[in-house]
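Peer 1: Residue numbers (this note's numbering), protein chains in the order written: chain C, 1 to 328; chain L, 1001 to 1307.
Treat the hints as calculated values from the structure; they're not laboratory data.
This structure is a prediction, so every number in the text was calculated from the model and none was measured.
Yeah, the Cβ is synthetic: ideal placement off N, Cα and C, and Gly gets one too.
You may find that some hints are simply not true.
As the list claims (entries may be wrong) - Restraint-style ranges between C-beta atoms, simulated for each label pair:
hint, chain 1, residue 1, chain 2, residue 2, range
1, L, V1295, C, G83, 54 to 64 Å
2, C, L207, L, S1215, 52 to 62 Å
3, L, L1156, C, D36, 53 to 63 Å
4, C, P32, L, N1060, 47 to 57 Å
5, L, F1074, C, G83, 36 to 46 Å
6, L, P1139, C, D36, 50 to 60 Å
7, C, V187, L, S1176, 35 to 45 Å
8, C, D142, L, I1132, 14 to 24 Å
9, C, N195, L, F1115, 33 to 43 Å
Said to hold, decoys possible - Here are the simulated lysine to aspartate or glutamate pairs, EDC-like style, with alpha carbons at most 20 Å apart:
hint, chain 1, residue 1, chain 2, residue 2
10, L, K1266, C, E137
11, C, K193, L, E1179
12, L, K1189, L, E1008
13, L, K1189, L, E1179
14, L, K1189, L, D1092
15, L, K1266, C, E196
16, C, K193, L, E1217
17, C, K208, C, E196
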Amino acid sequence: MVLDLFKKFTTLWIILIVLAFFPIFTSTFDLPFWNDVVMRIMLLGMAAMGLNIVFGFGGMVSFGHAAFMGVGAYCAGISQYYGLDNGWYQLLMSAVSCGILGILIGFLALRTSGIYFIMITLAFAQMLYFFFVSLEEFGGDDGLIMDRSDFIFFDLYEPLRLYYLIFFILATVSIMLMLLIRSRFGVILQAIKSNESRVEAMGLNPLKFKLTGYVISAIICGLSGCLFASWQEFVSPDIMHWTRSGDLMIIIILGGLTYLAGPLVGAIVFLLLEELLPDLLHVLFPPISENWMIIFGPLLIAVVLFGKGGLMGVMGSKLKTAANREKT
Amino acid sequence: MTSTLLLEQIFNGLQAGITLFLIAAGLTLILGIMDFVFLAHGSQVMIGAYAAAAITIATNNFYFGILAAIPITFVCGYLLEWLIIRHLYGRDHMDQVLATFGLILFFNEAIRIGFGPAALFTNFPSSLSGFIEILPDTPYPVYRILIILVGLLCALGIHLFVSRTRVGAMVRAGASNPEMTAALGINVKILFRFIFAAGATFAGLAGMMIGPLTSVEPGMGEPLLILSLVVIIIGGIGSVRGAFIAAILIGLVDTVGRVMLPMLFKTFMSVSTADTAGPALASMSVYILMAVVLVFKPTGLFPPKGA
């Protein structure tokens, strides 16, 4: 069983193993800054993996999943505001709130499809965004400064504890997703993506599966948001701005949306570009070193126009052609 | 006092709604006819505003700025369609979202490099800075009245064009059934490019006109884009008439709510809480409206026939 999962999801396992040993690398070469970058990679990657359940496997283009990250983050922030420091409790709160919200929003949004679904998910995200902007008690637009939460087994102010907490949650989520995708549920969800009426004709109710997928993805985004709050030591509506929903989609499509590891690969590339493009531009064209997006934007368009299947797809087909060449 | 303020806000709402309509008119056709999720429409607004502002500053003539900016936005839309957009028709919605998101990033950064991150300020000429009394003792700025009039004129023009001309008939046919339209021998490619460029021009015009009222800055188009998407969804994708009604509705709800909700809240909340909660809840109300419409009419209020 374990070996089976390993064979099927090799890339994901390799990434997880590299992430597990990455701090050794940074401490050897004294690059603590990169731990921070990798923590962001893991957090955004986790949220994108959650979104990818509906997006890549279920074929539902949700443009509002940053809202669930925001709800998760505010669960941590608001709990702490009232003196509830226990991080595990906050994670539970995030999961429960995002689950309930996911059921409500999913139930209403899944009545529509196509462009209307994209837009209604965006509408709900905007609603939540402005809801948190309106909460003056918790800082409104300016947000809420907070301490890292108190996770009983991980004192987050010790070096690397936060890193391994995030890693632990990411690894747990990844393994559960591996099982989920190969389960009956996962197979039916993917079947709905390729042909919904056939699934219906088989006597299954597609809405039930789509809604379940939506709720699971909402919960994972909520967990990521809750940890994000501890990482950032700050919560503001900015975390759920609609452009972050866009970022999550970019991450998924960059990595390859039909692969479980795709969103993680995408997150690595996305955040590395964000870190390295300014440096690169600084060397090549110093006057525009701050404007790395002028390269990044066209890069996205190029990925869409020429790179079908994202990086995972490109790597996969390269490997395959190489293998074919060896055979012949 | 309150009724004067209310009347003023209703006019502001109309002005905002008309502006939204100019942006949404092209976008609803792009979404409806080409089935294309075009997120960079807000950038067209920005391009229009910048072109007008830059030319106005250079020549010191507001009217010349507007007149010169109109063809610039048309050419921009035309080139954009020809270079990039036409390769993306028929692709997945998510591909379109991603590519046009990339365009937004590109345009915002290009403007930031070209004009700097700070906002450009232009003033409309003094002949337009007066007030008209719309009711006794209720002065209202001439410039905003002018925006409403120009917008209504454009709306009328678009309406007549779509409902009375031969090309308009092709547009309507395209909105209800693109494949059949193509099968009837209509050159859909040219039609698409024309609609796209025209839509860009109207969005640009909206940007040019609101430029002096708001700040002309990178990223100014995105809030407007999101609102005009709401307009399009409420009105029904592909319906210009629906977009018009929904735009006025959203403009009024957003503007009037922004002023009236804080006043309402102050009756039972502390002043500072009401000042934070009011405008945010007014912004929320727009999306609540949209969600309610979609839940009861999943294809909007006025879906084009046959869609």
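Peer 1: Against this structure, judge whether each hint is valid.
Peer 2: Hint-by-hint comparison with the structure:
{"no.": "1", "hint": "V1295(L) to G83(C): 54 to 64 Å", "result": "violated, 38 Å"}
{"no.": "2", "hint": "L207(C) to S1215(L): 52 to 62 Å", "result": "violated, 45 Å"}
{"no.": "3", "hint": "L1156(L) to D36(C): 53 to 63 Å", "result": "holds, 57 Å"}
{"no.": "4", "hint": "P32(C) to N1060(L): 47 to 57 Å", "result": "holds, 55 Å"}
{"no.": "5", "hint": "F1074(L) to G83(C): 36 to 46 Å", "result": "violated, 60 Å"}
{"no.": "6", "hint": "P1139(L) to D36(C): 50 to 60 Å", "result": "holds, 56 Å"}
{"no.": "7", "hint": "V187(C) to S1176(L): 35 to 45 Å", "result": "holds, 37 Å"}
{"no.": "8", "hint": "D142(C) to I1132(L): 14 to 24 Å", "result": "violated, 40 Å"}
{"no.": "9", "hint": "N195(C) to F1115(L): 33 to 43 Å", "result": "violated, 50 Å"}
{"no.": "10", "hint": "K1266(L) to E137(C)", "result": "holds, 16 Å"}
{"no.": "11", "hint": "K193(C) to E1179(L)", "result": "violated, 24 Å"}
{"no.": "12", "hint": "K1189(L) to E1008(L)", "result": "violated, 45 Å"}
{"no.": "13", "hint": "K1189(L) to E1179(L)", "result": "holds, 12 Å"}
{"no.": "14", "hint": "K1189(L) to D1092(L)", "result": "holds, 19 Å"}
{"no.": "15", "hint": "K1266(L) to E196(C)", "result": "violated, 50 Å"}
{"no.": "16", "hint": "K193(C) to E1217(L)", "result": "violated, 41 Å"}
{"no.": "17", "hint": "K208(C) to E196(C)", "result": "holds, 12 Å"}
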